[in-house]
Amino acid sequence: MGAGLDDTGHFNIVVLAHDEPTFAQQNLLRLEQVITSGSSMAGRPWRDSFAIREIDANGAALVALLDVEQPQTAIDALTDKDSLVLTG
Amino acid sequence: MAQPAGLAVAGFTDAGIASWRTQFGWTPGDLIRSASSELAGSPLQVFQIFDTVPGLVTDAVHSDPVWSGSLRRLSYLDHDYFGWDNDPGPVDPALRSGPRPDGLGGRLAIVDDVVLQTSDDPSIRQTFETVNDVTSSLGDDAAYRLVAERLDSAGAYTAVISGEPIRPSADALIDNTGRTTEELIATFDELAERAGAARPVHGGRSGRRPRRYRSFQHRRPRS
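Protein chains in written order, with our numbering: chain X, 1 to 88; chain F, 89 to 311.
Hints were generated in silico from the structure; no laboratory data involved.
Among the clues, some could well be false.
[Claimed, not checked] On the chain F side, residues computed to face chain X include the following (Cβ under 8 Å): (1) Tyr245; (2) Thr246; (3) Ile254.
Computed from a predicted model, the values in this text were never measured in an experiment.
The beta-carbon is built from N, C-alpha and C at its ideal position, and this holds for glycine as well.
The following block holds chain F by itself, in its conformation from the complex (with noise of 0.2 Å):
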């Protein structure tokens, strides 16, 4: 069966897994702590990982069998970092995987115990710059510090911050309603309609075909 253009599905298999292992040097399961952001549009993942020997990642971007013949040793503000040829594309399907979804090289950083991880050049030279005290960070906004340092003295292992106003939304009416697909879908309709956010593009009120929104529609493919 073709692979879908722009969609692939990655999960946790043991050869999932193992991938992480062969990339990175470690797997999600060796996880003590993790962070993401995606601010600006420009992702960023922070692992702090179990027992975390630097050279075991070292390592393994320079034996991966896939990735290595592509890998790069980058620096930048007295930071080394490991980048890859492939960015930011074409994207080869064949090199989706766990560790790498979009099937992208990304950016690799080792900073103290702390392994950073983001998808684009520019997203890890904004947080050297950051460690470096070079430009502002997350931390230095009250609100925030206050949420992530009561998070961290309450013992959380994971959390989500946000400062989006917090309004209602139909995302919670997927799980456990225990409605079929049909009512969830004419639900969205009277809803979608009623806004104007979507058109039905065939099928009127009254029929009961098949509906389809122009909202469900992917983001395009990065390739």
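In isolation and in its complexed conformation, chain X is listed as follows (with noise of 0.2 Å):
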């Protein structure tokens, strides 16, 4: 999970890495589904949280820009074991 500032504002940025490019391709889907359907384990909405500015699969990397107003937002819930990206 990273963070980044341009003209457009402040933007966090998600990147999975894979074995196979057909898992990236799969997890894309499902964070999408997560962003704009899914919640927080604290019941919030991640879509009042971040704005899928641009998300793609290139090989096995899955890398998704979202923007938001609080930068810390995506690495946040990394570091708590939130419910924007859970993996086994």
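Take each chain as given, in its own frame, and dock them per the hints.
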């Protein structure tokens, strides 16, 4: 999870590395669903925190750029083990 | 008020920020990039600083009124670096500050335009071994390298990279739930008892007395 800042404003970067490109494609769809219709463990819809700017699965990597108001949002979700990206 | 053992608050007050300048020649506001790792329990912090002038850092560590007296010049694998005599302790609570929350001198090096800082000597030596290709680095891990490259190309100025499984945690409940502390503790009580992870020190399930959990104890101070 990363954070960036450009002329548009703050954005978060989600990068997932996979063993196979197929898994990256599958997770692209899952991540889109989580952001558009999922919620945090505290019950806050993720779409209230993130707006998908760009999402792409290129090879084994999934990269999503998410517009945010708070630059730490995705990093907090990772460190708090919140429900944005859960892995086994 | 006496300072609690092992716990010291050192925020970004004006004095706290000034102490960065005094001790290291720069402040967090000067950073353009930073990275940290706690792999294998050996904390490493890497800083890249706006307009880094290595002389500023060197001048600061030599002129710092508190720490310069214990300054040592060290070397390993042709890299010069700084250490301070009080490592690894005992810790003087008066030495705790924003730049050094644990009150320890640590280790500091400048490699090109990057400042390396570690809490102990083995960590910074390991870093030099990595810089000199004596040992492997995280960059040799294909998955880590892939993630780091993509974050970099996307323009990340900060990032956290994890190779650990991410499973739901109650940590995420603490923020923005709108619930009272008592409700949160009651939730934790149920979860903890179900998981057998912690037992109430006093107070039964039906009691309303405050409860304490062993899992809330702080780690022992390093002094």
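Hey, does the Ile254 (chain F) contact hint survive, CB to chain X under 8 Å? 5 Å, holds
Using Cβ atoms only, decide whether Thr246 (chain F) comes closer than 8 Å to chain X, and label the hint accordingly. 5 Å, holds
Given Tyr245 (chain F) as an interface hint, is its Cβ closer than 8 Å to any Cβ of chain X? Holds. Min distance 6 Å.
When the structure is compared with the earlier hints, no violation turns up for any of them.
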